[in-house]
Each structure stands twice: as C-alpha cells, then as structure tokens.
Amino acid sequence: MQKPFVVSLSNHERRSKKRVMQVKQGNDISQQLADAVKAATQEHARLAITGGGSKRFYTGQPEGEPLDVTGHRGIVSYEPTELVVTARAGTPLAEVEAALAEKEQMLGFEPPYFGPTATLGGAVACGFSGPRRPYAGSARDFVLGTKIINGKGEILKFGGEVMKNVAGYDVSRLMVGAFGTLGVLLEVSLKVLPIPAKEITLSFELPADKAITAMNAWAAQPLPLSAAGHVGDILYMRLSGTEPGVRAARAKLGGELVENGAEFWRELREHQHGFFQDAVPLWRLSEPPAAPPIELPGKWFIDWGGAQRWLKSDAPAVTVHEHAEKTGGYAALFRHATKNGATSHPLPAVLATLHRNLKRAFDPDGLMNRGTVGMI
Amino acid sequence: MSAARPSIPPETARQSLARRLREFLPRESVLTDAEDLRPYECDGLSAYRKLPWIVALPETVEQVGRILKLCRREHISVVARGAGTGLSGGALPLEDGVLLSLAKFTRILEVDPANRTATVEPGVRNLAITDAAAPYGFYYAPDPSSQLACSIGGNVAENSGGVHCLKYGLTVHNVLGLKFFTMDGELVTLGGKTLDAPGYDLLALMTGSEGMLGVIVEITVKLLPKPERAQVVLAAFDDIAKAGAAVAAIIAGGFVPAGLEMMDNLAIRAAEEYAKAGYPVDAVAILLCELDGTQEEVAAGIAQVRELLTRQGATGVRTAKDEAERLRMWAGRKAAFPAVGRLAPDYYCMDGTIPRKHLAKVLARISALSREHGLPVANVFHAGDGNLHPLILYDANKPGELKNAEELGGKILELCVAVGGTITGEHGVGVEKINQMCVQFTKQELAQFHALKAAFDPDGLLNPGKAVPKPARCAEFGRMHVHGGKLKFPELERF
Ligand SMILES: Cc1cc2nc3c(=O)[nH]c(=O)nc-3n(C[C@H](O)[C@H](O)[C@H](O)COP(=O)(O)OP(=O)(O)OC[C@H]3O[C@@H](n4cnc5c(N)ncnc54)[C@H](O)[C@@H]3O)c2cc1C
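Chains V and X, in that order, are what the protein sequence lines are.
First residue of the first sequence? That's 1 in our numbering, and the numbers climb one at a time after it.
First residue of the second sequence? That's 1 in our numbering, and the numbers climb one at a time after it.
Among the clues, some could well be false.
[Unchecked claim] Straight-line distance between alpha carbons at most 27 angstroms, and here's what the computed DSS-like set of lysine-lysine pairs gives:
hint	chain 1	residue 1	chain 2	residue 2
1	X	470	V	157
2	V	38	X	411
3	X	242	X	226
4	X	470	V	152
5	X	276	V	198
These are calculated hints, taken from the structure and not from any lab test.
Using the sequences provided together with the hints, build the complete structure.
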C-alpha cells in the first residue's frame with residue numbers, strides 16, 4: 001500500500017496571534033522561541049514555524065499559530081579559513097551569501113531563494129539545491145551542525161562546526177528537507193566553498209536524448225563541471241575552476257560561449273526563466289541522471305545533468321508517478337498556479353511508518369508544522 | 001541485552017535458537033561452539049572481547065530478514081558485523097545475543113557506468129568497489145586506510161573517512177541508496193540512483209548510525225571519474241604554529257586539496273626510519289598537500305601552493321618529481337602509525353576533530369600535557385579537516401603508566417570538545433567512547449538520540465549498549481588501548 005507523506009491531515013483552528021514578538025536585527029531569541037514551544041505543548045496548541053514565507057507555494061500553510069523565527073537572526077560565527085559559517089535560522093539568506101561573497105566564498109549548493117525574503121532556516125528546512133548540486137553537493141551535504149528546539153521545547157545541539165563528526169546520530173542532516181516538522185531550526189553550521197576563480201557557460205544545440213547522453217559522458221570525465229541543463233533543444237554546460245583548468249576544458253568541449261551565463265543559471269534556479277512562466281502544473285522529477293527522455297506529455301527543462309527534470313504537464317498524477325517509478329525516479333507536483341502546497345511522491349508503507357515514528361520521537365505532541373505537505 | 005533478561009540464557013535456549021535458525025540456514029552457517037565463535041569475539045579494537053552467544057552467517061537477503069524476525073519475536077538482541085575492522089568496538093558481540101555477520105554478502109550487483117553508480121552487497125570490501133569501477137575510469141572516493149579489508153556496510157555504519165575526504169566527502173556524501181532491514185525484519189529501500197528521494201533524509205541518518213537502526217543489505221554508491229593528474233607538495237616547518245597557520249592559509253587561499261596531512265617531529269622521525277620517505281628529520285612539522293584535477297589545474301595550483309607555503313615560513317618546499325616519489329611521500333605518511341608504534345611498547349590512538357583555527361593552540365596544549373604527564377605524544381593527522389590522531393606512547397607494564405595515559409587521553413578529548421570539536425571524527429563511538437558522549441551531549445540530547453533509536457527499534461534489540469550511553473552510564477570511562485602494538489590488522493596502515 002502506498003501512502004502520501006503528510007505529517008498531519010487533521011485541521012486545527014486556532015487564534016492567529018503571533019507567539020513571538022518581533023525583535024531587532026542580529027538577535028538571539030532562542031529562549032523566547034523555546035518558551036513559546038513549551039507554552040504550546042501545555043496549551044495543546046499547534047505551531048506554524050514561519051520564516052520569510054518564500055516557499056509557502058511548496059510547503060502550504062501549516063496548521064496553528066505562527067511561530068515567527070525571523071527575529072532570530074544574525075551570523076554567529078564566520079571564519080573564512082575554517083570554511084564554516086554558523087548563522088541563526090532567521091537570518092536572510094541574502095545576508096549570509098553577501099557575507100560569504102565578501103570573503104570570496106559561497107554556499108556550495110547554490111540555494112534557490114524563491115523570493116527575496118528567504119531565510120537560511122527556510123532554505124535548510126526545505127533542503128532545495130540549485131544547479132551546482134550534482135557536482136558540489138546538496139544542502140544536506142554541506143550541513144555540519146544544527147541547534148534546534150524539539151517538540152518538547154528543549155534546545156538541543158547536534159553536530160558542530162567541524163568537518164568530521166561521528167558522535168551520535170546525524171540529526172543535523174535529518175533536519176534538512178524535514179520542513180520544520182521535526183523541530184524549530186535555531187542555528188545552522190554549514191561548510192562553505194571558495195568561489196571559483198573562473199566560471200563560464202557553454203551552449204550546444206542538441207535534442208534532449210543526445211543532451212542527456214552528452215551531460216553524462218562529460219560527467220564521467222575529470223572535467224570542472226558545475227552545472228548542466230537542457231531546455232528548448234539547447235544544452236547549457238557551466239565550467240568552474242581555475243583559469244587554466246576552465247580554458248583547457250572549454251577547448252575540449254567546444255560549444256558556444258554564453259554571454260550572460262550567470263543570469264541563465266540564476267533564472268533556472270529561481271524559476272524565473274521563461275519556461276516557468278506558465279500556469280500549467282509544474283512537476284519535479286528526481287531521476288537517475290542518464291535515464292533517457294521520459295515519455296510524458298508536456299514540456300521539459302532538464303537540470304542537474306539529468307538528475308532533476310522539470311515537467312510542465314497536465315498529465316494525471318498517477319501517470320507521472322508511474323513513469324517516474326518506471327525509470328527509477330520520484331516525482332513531486334512542485335507548483336500549481338491555483339493553490340499552495342506541493343504533492344510529494346507517495347512513500348511505501350514501511351517508510352511512512354518510520355516517518356510517523358520519527359515525527360513522534362522529535363515532536364511527541366505533533367505540534368510543529370502539522371499539515372506541511374511535501375518532501376521532494 | 002534488554003532489562004527483561006537479567007542473566008545469560010541457558011545452553012538449552014541457545015541450542016533451541018540455533019535449531020530454529022537452521023530451519024532456514026545451512027547447518028554450518030550457525031555457529032555455537034566456542035572455537036568457532038572465537039574469531040568473532042572482537043573487532044579491530046581488541047582490548048574489548050566477548051564470546052558471542054551465536055553467530056549467524058546468512059547468504060541471502062531473505063535469510064537476514066528471517067533471522068531478524070525470529071530474534072524480534074524471541075526478544076533476542078542482534079549485532080551486525082561487517083569485516084570487523086572497526087576501532088571503537090561497534091561490532092563487539094553480546095554474550096546473550098546473535099552476531100549477524102554480513103561476510104558472505106560479497107557480490108558487486110551492478111556497475112552502472114552511465115549513471116556512475118555501483119550497487120553492492122554490504123560485505124563487499126571498500127577497495128573492491130574501486131577495483132570493479134576502474135575498468136570504466138571510475139573510483140569510489142572514500143578511502144579509509146583499512147580499505148583493503150573493511151566492508152562497505154561497515155563504512156556506511158561508521159560514516160568512514162580517509163585522506164580523500166577533504167575534497168570528495170565522507171561516506172555520507174558518496175552513498176545514493178540503501179536497502180536495510182529494521183529489527184522487525186521489514187525491508188526498507190532508501191534512494192537509488194537519484195540524487196534525492198522523498199521524505200526525511202533517512203539515508204543521512206542511517207550513515208554513521210553504528211548498526212543501531214537497521215541491518216544494511218544493499219548499498220548504491222556514487223562513482224567518480226579518476227582525476228587526470230595528482231601531485232603532492234611536501235613543506236617543512238621549524239615551528240608547529242607556522243605549519244598550522246599554513247593549513248589555514250591554504251584553505252583560505254581557495255584551494256581544496258585532495259589531501260592535506262600534517263606530521264610532527266616525533267612522527268616524521270619514526271616514519272622516515274621505517275619507510276625512508278625522504279622526509280626532513282630535523283623539521284618540527286611537515287605538511288603534505290596533494291592537488292588533483294586536470295593537468296592544467298594541477299600545474300597552476302601546485303605553483304601557487306608552493307609560493308604560499310614559502311610565504312607562510314616553510315623552511316623547505318618540495319614537489320614530487322615523479323609518480324614514484326609522490327607515492328614514496330605518501331608511503332611515509334601511511335606508515336606513520338605502525339612506525340610510531342615501534343617507539344614504545346604501547347600506544348593509545350585518539351580520534352578527536354577540532355576547528356582548524358585551533359590547530360596550533362591544541363597541538364601546543366597537547367605537547368604541554370604530554371610533558372606534564374611525562375608521556376610522549378606523536379601527531380600525524382588529517383590537518384585539512386582538523387581530524388587529530390594523537391598517539392600517546394606508554395608502557396602498560398610500568399605501574400601506573402596505563403592510568404596516566406588514559407588520563408592524558410581523556411584530557412585531550414576534553415580539549416577537543418572545549419575548542420568546539422568532537423570526540424570522534426571517523427572511528428565512531430561504539431563501546432570505546434560511550435562515556436565521553438556524556439561530555440559532548442546534554443541529558444536532553446542523549447534522550448533525543450534514544451527516542452530516535454526507538455523509532456526504528458522500540459525494544460532496543462539492535463546493537464544494545466553501543467553508541468549512545470544510558471543516563472546511568474554517564475559516570476564511567478572506557479578507552480581504547482593498544483598493547484604491544486596488538487591492534488588487529490597490523491598489516492594495514494593506520495590513520
Ligand atoms: C588498520 C585500520 C585502519 C583504519 N583506518 C581508518 C580510516 O582511515 N578511516 C576510518 O574512518 N576508519 C578507519 N578504520 C576503522 C574501520 O576500518 C572502519 O570503521 C570501517 O568502516 C569498519 O568496517 P567493517 O566492515 O570492518 O565494520 P565492523 O567493524 O564489522 O563494524 C563496524 C560497525 O558497523 C556495524 N555494521 C557493519 N556492517 C553492517 C551492516 N551491514 N548493517 C548495519 N550495521 C553494520 C557494526 O554493527 C558495527 O557497529 C581503520 C581500522 C583499522 C583496523
């Protein structure tokens with residue numbers, strides 16, 4: 001039996017007074033937030049953890065009173081030689097990236113914002129990653145540690161700021177992509193990367209099947225790839241690295257130099273590319289990268305070197321899921337024009353049980369982000 | 001074992017369980033005689049030994065499921081075992097439980113060159129994956145120095161690391177899919193050949209869970225293309241603080257070396273004598289920095305790194321002139337543990353990780369502690385990711401020296417935690433560091449770990465007593481000791 005993964009199905013009407021007052025920037029309100037969670041457990045209230053709201057289209061509106069975490073903000077520590085940044089979850093993502101850019105460093109997973117209000121906590125809770133993901137790693141790959149509030153209102157710290165740490169279960173990475181259903185993220189420590197000295201984008205005129213073959217053939221060679229996407233019969237390849245390394249790779253690959261390459265990848269990452277300006281339901285398929293083009297009606301934007309495929313299609317959900325499964329992948333209805341809330345790929349029953357057990361282990365009263373749909 | 005079973009079950013119970021296991025396992029795959037059980041009494045940390053009650057050696061996935069179902073029903077504990085090279089006693093058996101060996105699961109199920117993955121059984125040796133991938137120009141990146149012997153199942157259970165992990169990530173970054181059994185005997189599939197899968201990131205959670213959450217029966221790993229070129233630079237320093245600062249400068253300079261290792265004078269001299277690597281024996285510290293990538297990248301990078309090291313006050317900088325010299329430079333590093341082991345009757349290996357910025361301070365403090373305790377400490381470690389392996393030299397036959405070494409080791413681990421680090425970077429907690437978990441985590445955090453464990457294994461039947469201390473335990477201390485170099489697998493390098 002297959003069941004969609006939904007943390008809670010029941011509705012719970014609540015007054016919508018804000019549990020935490022707004023505080024000034026660069027502030028630590030861990031204790032207030034923890035007290036708010038404790039109070040909620042006593043009142044059997046439910047809490048909708050609220051950051052910048054930039055990804056509501058995906059998460060939907062969880063039940064209960066908003067627990068505003070945007071007041072919990074500021075970079076706690078950042079030392080470029082450590083390649084680690086620790087920041088409070090409510091810190092605007094733009095602020096974190098700006099601080100890193102000043103030291104010629106960056107978040108390796110190229111996080112999508114989906115809006116200017118995006119916070120670091122939201123980015124990590126959703127666990128989305130941008131075009132660099134297949135070559136540099138995903139959001140969870142870069143997470144080294146977290147501080148969270150669990151459903152009992154306890155402040156807990158897992159992992160840390162070091163590169164290697166096997167003491168205890170990897171709760172920090174479990175928080176990535178858990179959409180706040182296992183706890184309120186307070187702080188996140190992330191490994192960061194140096195900004196490559198040189199970055200260029202090349203284009204090639206190729207149909208989808210040939211593009212998929214090419215992306216994978218190049219990924220099988222020691223080339224400094226950092227993104228590969230295909231739309232409208234054009235394959236785009238990004239190369240990042242040292243000046244001579246990129247030059248040599250370019251000579252090997254050929255293709256046309258794309259003038260505004262950075263803009264292309266940004267538009268893809270933020271779904272601002274013309275492809276995404278459409279009212280047709282948008283599906284995200286996570287596929288084995290070399291899977292041939294999938295026989296579904298609609299238009300495709302292939303990203304992540306073939307491993308992430310965007311599909312605009314009116315095909316029924318069962319059909320999309322079936323095709324994804326047949327090719328060894330998963331499909332999520334990522335965005336609709338009319339309503340908030342994605343639909344993730346159904347989980348097999350054993351996995352759904354484990355999810356419920358884990359939810360209970362972290363949030364025994366089920367108060368956090370109930371009704372959040374969707375894991376991709 | 002569970003609290004409900006206060007004493008060791010009698011022989012009749014053992015024979016009855018063995019009989020029931022033999023209903024679906026070949027006779028010779030269920031061991032109960034002492035001499036058959038002996039090889040399973042410890043893992044790589046041989047200071048801890050216990051004869052298992054029963055050893056089961058299944059050959060099929062279905063058999064693993066049946067063993068677990070039977071044990072769950074009978075409320076019998078199970079410890080999974082890979083190759084038994086673990087250094088923290090994670091696979092230490094139980095005197096009243098089943099030791100479930102995955103040793104017979106040695107098949108490489110598939111190498112998929114198009115998707116750059118390998119799907120393997122859990123008992124496959126780490127290096128065997130790279131061997132199977134090599135014809136396609138690929139390799140499996142995480143390279144623990146036990147890679148000749150250790151199993152991929154054990155690697156996943158420990159989230160093992162190696163020299164290459166600085167650039168290519170730990171096991172957790174290189175696993176795409178898993179199949180595992182819960183203690184209920186339910187088969188769970190996570191991920192596959194995709195880069196992500198719906199739901200909570202159980203793949204990350206399973207990695208490094210030390211056999212506490214499930215028994216892994218299949219693993220899909222990511223394969224990487226072999227780099228075109230690798231080149232190493234050796235830099236000598238007359239001051240350990242300068243060497244530490246150089247590590248920080250390399251990282252800050254935007255380099256991501258394929259390996260960045262440090263050795264102090266004691267380790268240099270020992271390794272040079274043992275392996276004739278061509279190290280400068282008068283140096284206070286050396287750094288080995290390897291870059292890999294395309295010809296052009298490596299050539300440009302090496303020139304820059306050389307310059308940087310000189311600026312950082314290196315007294316000598318040398319690039320391997322050919323592949324043979326490169327391998328010789330690494331051979332010295334890789335032989336450092338056994339080499340140091342020859343300097344004293346016993347040594348005690350630590351595995352703390354610290355933020356790199358504290359390298360100089362922590363090394364100075366370790367050296368002061370070493371003087372205070374009158375015991376030499378050699379340092380040879382993964383400087384690039386701050387993973388220390390201080391080796392405390394002592395002689396267990398001298399009265400009080402063992403205790404002295406333990407105290408010194410304890411202070412070093414506390415120092416690691418105090419500067420924001422951790423008690424274990426890659427060897428795991430197991431039984432060895434279970435008490436130090438109390439230093440690193442609060443009561444609530446430990447309780448959260450137990451709750452998480454119960455989500456998978458409510459009766460606590462999988463690998464009980466390991467990895468996470470019960471509140472009552474948080475007073476004792478346990479340590480790893482190497483007596484007379486008698487760590488198992490002496491033929492392998494130690495990191
Ligand atoms: C000489 C030497 C050098 C070493 N160098 C390194 C190094 O450089 N880096 C490093 O990280 N480690 C190193 N180690 C430690 C050790 O090799 C690793 O921890 C390795 O991953 C253990 O693998 P194994 O198959 O031997 O596992 P085991 O020792 O058999 O088991 C380890 C743990 O994993 C669990 N386990 C094993 N298989 C499974 C399974 N299929 N499902 C669920 N749980 C399972 C066990 O219950 C146990 O808790 C070294 C060890 C030695 C002896």
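Which constraints among the numbered hints does this structure fail? Numbers only, ascending.
2, 3, 5
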